[in-house]
Amino acid sequence: MARPAVRIAPVPIAEGVVLGGPLPVVILGPCVIESEAHALKMARQVKKAAATAGLPVVFKASFDKANRSSHASFRGQGMEDGLRILSRIKDATGLPVTTDLHETWQVEPVATVVDLLQVPAFLCRQTDLVAACAASGRPTTIKKGQFLSPHDCANIVAKFHAAGGKHVALIERGTSFGYNNLVVDFRSLPVMRELGVPVVMDATHAVQSPGGLGTASGGDGRFAPMLARAAMAVGCEGIFMETHDAPERAPSDGPNMIPLGELPAVLRDVRAIHDLLGRRPPPVRRLPRNQPGKG
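Going by the working numbering, the residue at position 135 of the sequence shown is 352; the numbering climbs one at a time, nothing skipped.
It is worth saying that the hints were derived from the structure and are not from the lab.
Just to be clear, a hint being listed does not mean it is correct.
Below, computed lysine-lysine pairings styled on DSS-like, alpha-carbon distance capped at 25 Å [said to hold, decoys possible]: (1) K307 <-> K258; (2) K307 <-> K264; (3) K383 <-> K307; (4) K265 <-> K307.
Label pairs and their calculated CB-CB ranges [to be verified]: (5) L493 <-> A352: 32 to 42 Å; (6) T329 <-> E465: 19 to 29 Å; (7) H288 <-> P239: 44 to 54 Å; (8) V400 <-> E479: 18 to 28 Å; (9) A352 <-> G413: 36 to 46 Å.
Backbone N, C-alpha and C fix where the C-beta goes; we use that ideal spot for every residue, glycine too.
Could you build all of it, start to finish, from the sequences and the hints given here?
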């Protein structure tokens with residue numbers, strides 16, 4: 218007897234932009250807001266690139282990189298100016314926007330501007346932060362920590378729902394593999410989708426070498442398009458990719474980023490794989506498995 222497919226609860230972000238909707242959502246942008254002019258330029262370019270593939274897009278950029286390797290590294294524009302810039306981008310481009318936050322007091326002001334909250338991987342187990350995002354009423358993505366198994370995400374989703382949140386998605390961004398290295402186990406995508414929530418593949422942070430440059434993280438962005446294509450084939454509701462017009466000069470995460478000029482081709486591949494699979498991610502069916510300590 219066939220096991221029933223798990224229903225994925227859609228996460229509406231904006232009109233026509235739904236994680237778990239008819240098309241995969243792409244979350245695109247530079248790692249950090251460098252300036253208003255640069256962020257606006259990047260937003261217009263990612264909108265154009267997504268349009269060539271016919272994919273709904275959310276613009277992403279951080280107002281504060283609070284977890285940089287070194288205290289001397291560039292962190293961004295700060296919350297006040299960063300939110301002002303994100304609001305300007307929404308008005309100028311019509312794009313929904315997302316950004317990450319790090320402390321509970323940031324949730325309310327950030328939620329008044331952005332369409333989608335993001336909890337960073339290092340903070341995915343911070344109960345108060347997850348609960349505050351849930352209580353805001355904003356849809357939220359939560360990155361799976363590099364230190365967690367995909368099965369552990371059940372507790373994260375349960376925390377979000379227990380705090381009254383309705384719309385949550387999980388993001389896969391790789392798993393620690395020794396020192397200064399990450400690896401992606403693509404079994405994690407169906408395992409997390411078993412929880413009934415949309416799953417997004419972060420193809421650029423997954424090729425990061427955390428702290429690999431001593432005072433900064435390294436990485437190899439050549440592999441990011443491959444991970445994006447593989448994730449679409451396995452089945453997911455969205456792809457997260459950071460991009461830059463000059464990755465070699467980017468103040469944060471440049472080594473992992475997809476060069477802006479290469480982005481349209483990557484997005485066309487994502488759309489082609491999606492269409493080949495019949496316009497929906499493959500259904501995920503709940504599988505029996507041994508739990509730790511139970512055989």
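- Message: K307 and K258 were given as a pair; does the straight-line alpha-carbon distance stay at or below 25 Å?
- Response: Roughly 13 Å between the alpha carbons, so the hint for K307 and K258 holds.
- Take a look at whether the Cβ-Cβ distance between L493 and A352 falls inside 32 to 42 Å. Once the Cβ atoms are compared, 40 Å apart, the range 32 to 42 Å for A352 and L493 holds.
- Using the C-beta atoms of V400 and E479, is the stated range 18 to 28 Å upheld? 23 Å, holds
- Within 36 to 46 Å or not, the Cβ separation of A352 and G413? Taking Cβ atoms as reference, A352 and G413 lie about 21 Å apart, which means the hint is violated.
- Message: Range first: 19 to 29 Å. Now tell me if the beta carbons of T329 and E465 are that far apart.
- Response: 36 Å, violated
- Under the criterion that the straight-line Cα-Cα distance not exceed 25 Å, is the pair K307, K264 satisfied? 12 Å, holds
- Message: So if I understand the rule, the pair passes when the alpha-carbon distance is 25 Å or less; does K265 with K307 pass?
- Response: Status holds; Cα separation ~15 Å.
- Query: Within a Cα-Cα threshold of 25 Å, do K383 and K307 meet the stated pairing?
  - Reply: 24 Å, holds
- Query: Falls inside 44 to 54 Å, the C-beta gap from H288 to P239?
  - Reply: Roughly 45 Å apart at Cβ, these two residues keep to the hinted range, so it holds.
Checked against the numbered hints above, the structure breaks hints 6 and 9 and satisfies the rest.
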